[in-house]
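Trainee: Listed below, chain by chain, are the residues.
Number of protein chains: 4
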Amino acid sequence: SRCSGIRRQLENKRWYVLWTHFILIWAVYSSFFTPLEFGFFRGLKENLFLLDIAGQLAFLVDIAIHFFVAYKDSHSHAMVYDRYLIALRYLKSRFTVDLLGCMPWDTIYKVCGRKEPIRYMLWIRLSRAMRVTEFFEKLEKDIRINYLFTRIVKLLVVELYCTHTAACIFYYLATTMPASKEGYTWIGSLQMGDYKYSHFRDIDLWKRYITSLYFAIVTMATVGYGEIHAVNVREMIFIMIYVSFDMILGAYLLGNMTALIVKGSRTERFRDKMTDLIRYMNKNNLGKQISNEVKGHLRLQYSHKYTEATVLQDIPNSIRTKIKQKLYEPHLKKVALFQGCSPGFIKQIAVEVHEELFLPGETIIEQETAVDQLYIVCNGTLKGVRMEDDSKEEFPMHLPAYSTVGEIPIFSNTTLPYNVQACELCRLLRIDKQALTDILEMNFSDGRTILNIILEGK
Amino acid sequence: SRCSGIRRQLENKRWYVLWTHFILIWAVYSSFFTPLEFGFFRGLKENLFLLDIAGQLAFLVDIAIHFFVAYKDSHSHAMVYDRYLIALRYLKSRFTVDLLGCMPWDTIYKVCGRKEPIRYMLWIRLSRAMRVTEFFEKLEKDIRINYLFTRIVKLLVVELYCTHTAACIFYYLATTMPASKEGYTWIGSLQMGDYKYSHFRDIDLWKRYITSLYFAIVTMATVGYGEIHAVNVREMIFIMIYVSFDMILGAYLLGNMTALIVKGSRTERFRDKMTDLIRYMNKNNLGKQISNEVKGHLRLQYSHKYTEATVLQDIPNSIRTKIKQKLYEPHLKKVALFQGCSPGFIKQIAVEVHEELFLPGETIIEQETAVDQLYIVCNGTLKGVRMEDDSKEEFPMHLPAYSTVGEIPIFSNTTLPYNVQACELCRLLRIDKQALTDILEMNFSDGRTILNIILEGK
Amino acid sequence: SRCSGIRRQLENKRWYVLWTHFILIWAVYSSFFTPLEFGFFRGLKENLFLLDIAGQLAFLVDIAIHFFVAYKDSHSHAMVYDRYLIALRYLKSRFTVDLLGCMPWDTIYKVCGRKEPIRYMLWIRLSRAMRVTEFFEKLEKDIRINYLFTRIVKLLVVELYCTHTAACIFYYLATTMPASKEGYTWIGSLQMGDYKYSHFRDIDLWKRYITSLYFAIVTMATVGYGEIHAVNVREMIFIMIYVSFDMILGAYLLGNMTALIVKGSRTERFRDKMTDLIRYMNKNNLGKQISNEVKGHLRLQYSHKYTEATVLQDIPNSIRTKIKQKLYEPHLKKVALFQGCSPGFIKQIAVEVHEELFLPGETIIEQETAVDQLYIVCNGTLKGVRMEDDSKEEFPMHLPAYSTVGEIPIFSNTTLPYNVQACELCRLLRIDKQALTDILEMNFSDGRTILNIILEGK
Amino acid sequence: SRCSGIRRQLENKRWYVLWTHFILIWAVYSSFFTPLEFGFFRGLKENLFLLDIAGQLAFLVDIAIHFFVAYKDSHSHAMVYDRYLIALRYLKSRFTVDLLGCMPWDTIYKVCGRKEPIRYMLWIRLSRAMRVTEFFEKLEKDIRINYLFTRIVKLLVVELYCTHTAACIFYYLATTMPASKEGYTWIGSLQMGDYKYSHFRDIDLWKRYITSLYFAIVTMATVGYGEIHAVNVREMIFIMIYVSFDMILGAYLLGNMTALIVKGSRTERFRDKMTDLIRYMNKNNLGKQISNEVKGHLRLQYSHKYTEATVLQDIPNSIRTKIKQKLYEPHLKKVALFQGCSPGFIKQIAVEVHEELFLPGETIIEQETAVDQLYIVCNGTLKGVRMEDDSKEEFPMHLPAYSTVGEIPIFSNTTLPYNVQACELCRLLRIDKQALTDILEMNFSDGRTILNIILEGK
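Residue numbers (our numbering), protein chains in the order written: chain A, 26 to 483; chain B, 26 to 483; chain C, 26 to 483; chain D, 26 to 483.
These aren't lab readings, by the way, just hints derived from the structure by calculation.
Please note: incorrect hints may appear among the correct ones.
Here are the simulated lysine-lysine pairs, DSBU-like style, with alpha carbons at most 30 Å apart [claimed, not checked]:
no. : chain 1 : residue 1 : chain 2 : residue 2
1   : C       : 417       : C       : 351
2   : A       : 351       : B       : 313
3   : A       : 163       : A       : 313
4   : C       : 351       : B       : 349
5   : C       : 349       : D       : 458
6   : C       : 408       : C       : 358
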């Protein structure tokens, strides 16, 4: 029964998600159409009227659905399924606004003798734009979608929507003047080339809307050609408000753009680091070889993005431990040196291990230098290079997979008589001598196992 | 007597605060009205004249009050109550400007035969705008009000006030030309649609002001339709100054916006960290489970904002100590392991303790791993999970509140044979093994008490 | 002789500085007048002609002086006084341009039969603007002058100078058309209100210049009213170049503004830290008292700006040591506890000492807590507060100046039975227990002296 | 044979690089000319036609070449030389678009009876702009070229190219109206000064193009004079798209500028640090001398940019070791104190050494202070200064090159009885006492050698 309950819940959920997307489309339509209706239509024609009625019905159904949808309590983070609480919460919050938005205001307007104030009620429907805003907020949190892109799209949509609304209000302001005084409105007094907008109420809807939108966009982008401009006091006041608002919006757009760019691209940071390093190497006349090694390493870092340390640092210790064990235990179990060691020992080693990539020709252990890292070969082959005064002797090191490098110098406190270099791109695990010693101290018997393996290998 | 003195002082203070708010309103009015009077009125009408006189009287009273208000010496940070010093300080600083501002310049202008230069004295009253600026500065320091909001409001007010002043000056410049030459002024030569501004001096004040303001805003926002523009040299010069100033102001507005946004929202930083982690986990094929744990933890961090360490780091040591003791001592006193320990010991432990939250399923102590943290359970229940090869045995740990986890492995240098995991959201206090050992060394007897408790518990 | 040589050098230097300022003024004049002459004058009138000749003479003298002024070698950082080298360097670098700039081009133009190409040579004089640029660079490095202010002034000057030059070129372009075709130039076809610019060559110079400048500024600020605009192809091309350049300049201005603001004010950072702390304290229900202490401390930090550690961190060790010894040795010599200690010991202590301020009521040493800091009182009085269960006993500590707090607990590894708190704003020097122990180990005899003093004091 | 193969490859490569540059020029030409052809030419004249054919032929050759050029496999990072794979890859990717671009659309248009839709195929050629973009990306990664400069040039080129394209489309839109209705197009209804653009199709191409470009630039920079503006609905729609796109582009330009400036100049950071330090020194009344030392050091740091530590920190340990050995081994081998030491010992010392610069008068080792650094003199001379109470005795230290300072105090745990100061700019190598001790512990015999040298030197 519990199982079927969950299944029902899931099915409901799928239906509910579909429904929210369906309503989202209606919300977009309603947000777009409401200003248009307010500005350009005093009473809708039949086809638009039917579309509008369909929309309002959909929203009525949505109101009904709201009484059955569980919500997450903000305090206890638990879902609330109690119908009474759900209803109470909805009635207290958006119910009134939602219901008023669903009223057929166009019909009421026609019935009541076409009184202007009724048409102002249309704006209540703009509360539906909130659903679109919520959708964008969800989009921003979605990591699969590029953040910069979402941000710019959102800003553009906001700007264009504001422009659309302003365009509708521009036209509305012109219609508030009687037809006889159309010379005192922005559109009535307008002449573009040889075309005059006299008797503008009779012009094609599309042309009127585009002219309004053109006016609004040209103003918002502060281009302001000036062939269209405010004419009477009402229009001036609206333009002043619109322009002031645009300044804030424009500054916000710009600020966001800058913020996104200032955070900076990885390419740029890579370039900066590279420049600094090359300058340093030139100043000190370091040879071609070292210079190439450094460049190669930086490029590798750039393309492989292996920045483990920084990524994992804010995670709690226990999870980091788990991640490291998951990553390195399977490798460590195969290491010849650790055969016969206890699982606990392997686990502890895994936590202390660091992954490192070496490019062909990079030196891993320096000849006659104190060795303080034990390396475990995961992939790739190594070679030894013995440098004596000016002669240079090179020999391959036939290391099977999961063999170790540097174990003898570490346990006997000596140095290696040759450099160990990478032949190809090698992936090595590195463990610090001190960390290894600490772990061995805690696992005495494992230490003896390892020493035996080393002595046998000698 | 001292008590009544303080009471009088407080009462005075309340009256004084009320008075400053009262004067602030007059200052707003005066800052707004002064440019308007300068531009549009050559001699005020009766009702405006009376209002103006009332304002000047209020400011006269304010001057008198300034002689009785104690001030804080900038050097010694002490309040100065000496009347002579108060008077001297005020006389030396703003007294002259304040007094000149209170003169009834309108009356003087009318009496002196309407000479223009007298009207320039009106601008002295703008010094009152300083009070509004001071008010905004106080607002900015107030942490209860959203900083971004205050900043934007302030910038908007500054922009609008500049526009208002510019509008008044625009109109004033037009009035400096004789009526016969009105075709050589911006407003006299203006035609908007079919409406002509000829004989502009006779047009409704409201219409003239709105036209001026429209001109000023359209110029400031660099829309510059161009239907209104400078006509004579004087107007050109003023517009050049105004436009140059606007560029600086606009850049400042934009810079502020950007700065506020660049500092960045928490959401964005949360997103970035999440993205990096998920990319890392996908690259390394870490399983679903770890992935979810990490995500859960990050979300918890995001919603709980428990960033203790960073918040407390700049505080002096002594205060930090106090805060920690205040927070954790009550809990530590109830811990079974510390029963019978000295208060000093508890205090020292409190300083070293760290609070950590664990989500259901997160592992607190790993099976067969060196334990270097002692955990104290504040809230929540834990369970043990023993993993052997592929089998997994789970059992609840019936830990009473304020019991400890990991004390035996720590004191005997062993490991636990099972994982300790959280069953629900747990709040644990964590103390580092090293820190604990150091404290125990200093409090030998407390160490013995604890060992006894452990041995009894075994 | 060496002495008098230096004196002569200094006198020369003073004269030289005066001369560079004198030439700077001429450079400003020349930079400003050259575009004006190019645009508005075809042959100067007598008074302007004489002024111009005077300027060219001054620059000729400056050329001569350049042959006698020592310079700093960029490689060896040493001054070069050798006349031959000085002359060679100058001849190789700016000599030709400087000399060509001094030619009386106006006279040559008049003599050669007023050929246009000669007037183009005037632009060579713009190389003098480099001196103004150098002056601004010096100003920017001067720490006495507010950086933000210098930066904004510089940007404004650059913008205004570009506008001025553009204005002159605008007018010049109009004059390249024959007078009969003035309807095909921007100024000839211009009508502002009732005023027509026909026969513009005869209009007052001031009016022509202001109109050009107005055009240039309105274009640069992208207001673009449009009552003045390009008319022929030449003008269009120039405006396209000018507008493109302005976009870059505008972006640079904005970028600089933003950069200056993003770096952020101290007020803002103070606010952020305060907000975080208050939120933290509210969440944890820390009492009023701790809350006030924390706030007080932050405000103190904000107003005293004592951020020693951060300021000194990039300085080499040797200088930092010196600074600390200079600051703290005089105090340490007066400390009762260190009487009879060797100067070397005092010096070593001085390096390890940290200054700390305590507000009235702040706790310096906590009752029954491990003491790991030795405090030396520089200013202010302290008090002891013993808290027992719920009773609280307060007593003043009569500490003479330069006495120490916490020496007995430190040397005997015990705790204090009472809190030590500050009565007023106290300045204390703090030395870490570990650092003190290390120094005492190196100075065995000083350690004995101190112990004796403590034992005597008991 | 292998050798000649490589030589052929290199020669091919040189030819190939030349060819890519040749094609790049054609790509620039094609990207520029395509919009122009679309907007202004309905059928090319003979000379332009031949040029166009030449370009298309070049691109045809380029297509053929693409079938022979090896590419780097994105997965294995290896070059692929297999002809079949090369061809397959090219056919799958850009082949179709490249081939369609090479079609002689102008001829087809003329042949097919001048049908408009065929001319839309021209836009396919814009895919060639990708080559220019690729070129800019390569330029950005090139560290020899100033990044800021590349960035600004790229942004400018993008802006100008967009403007050019928009200008061509503007003109195209005007030509889509029949000649009889030219009063309903932006250019047909245009009047500039006394010049009318009636019968605009007959006007000089250059004039028409400049007018279009002027319109586009004035709109993009949001100047919008308004003497040219959209007239019919088509033009309005295009301007709306163009303006919206410009807003995004402008914000991107601004954002980039700001980002580049916010990252900040070194001068500014130098200034900030200097200001903080001077304020600190003034507050504490540190003398002139220390103040000058600090300033001198900061200036040295600023001009020498020796920030070794920060530059090298992200490089893997093995490379850093190599760099340090390369830099310091030659110096260390010449040090008198290390004569007779093993090469391994020298190598280990080299890793631990730090380079430091000292200005004349800076103190290197302080009198009677614990010495914890061994200094090796690379360049410059030192002096000793003994300070006793108020007397000051100065004597030069005749140190040969590569001698050491501070070895006796370090090995005997004593202090020096005098300050060691720099006489001129000195370059010293510094090694920490602790690091030296650790190395000596590992190289016992080298330690004895050094001690013998010290004892002999005594």
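Trainee: Has the given pair, residue 408 (chain C) with residue 358 (chain C), been kept, meaning a C-alpha gap of at most 30 Å?
Mentor: Given pair residue 408 (chain C), residue 358 (chain C) holds - Cα atoms ~24 Å apart, limit 30 Å.
Trainee: Compare the distance between the alpha carbons of residue 351 (chain C) and residue 349 (chain B) with 30 Å, and conclude whether the hinted pair is satisfied.
Mentor: 37 Å, violated
Trainee: So if I understand the rule, the pair passes when the alpha-carbon distance is 30 Å or less; does residue 351 (chain A) with residue 313 (chain B) pass?
Mentor: This hinted pair holds, its Cα atoms lying about 12 Å apart.
Trainee: Holds or violated: are the alpha carbons of residue 349 (chain C) and residue 458 (chain D) at most 30 Å from each other?
Mentor: 22 Å, holds
Trainee: Are the Cα positions of residue 417 (chain C) and residue 351 (chain C) separated by 30 Å at most?
Mentor: Between residue 417 (chain C) and residue 351 (chain C) the Cα gap is close to 42 Å, so the pair fails against 30 Å, i.e. violated.
Trainee: Is residue 163 (chain A) close enough to residue 313 (chain A), meaning Cα to Cα at most 30 Å?
Mentor: 52 Å, violated
The structure fails to meet hints 1, 3, 4 from the earlier list, while all remaining hints are met.
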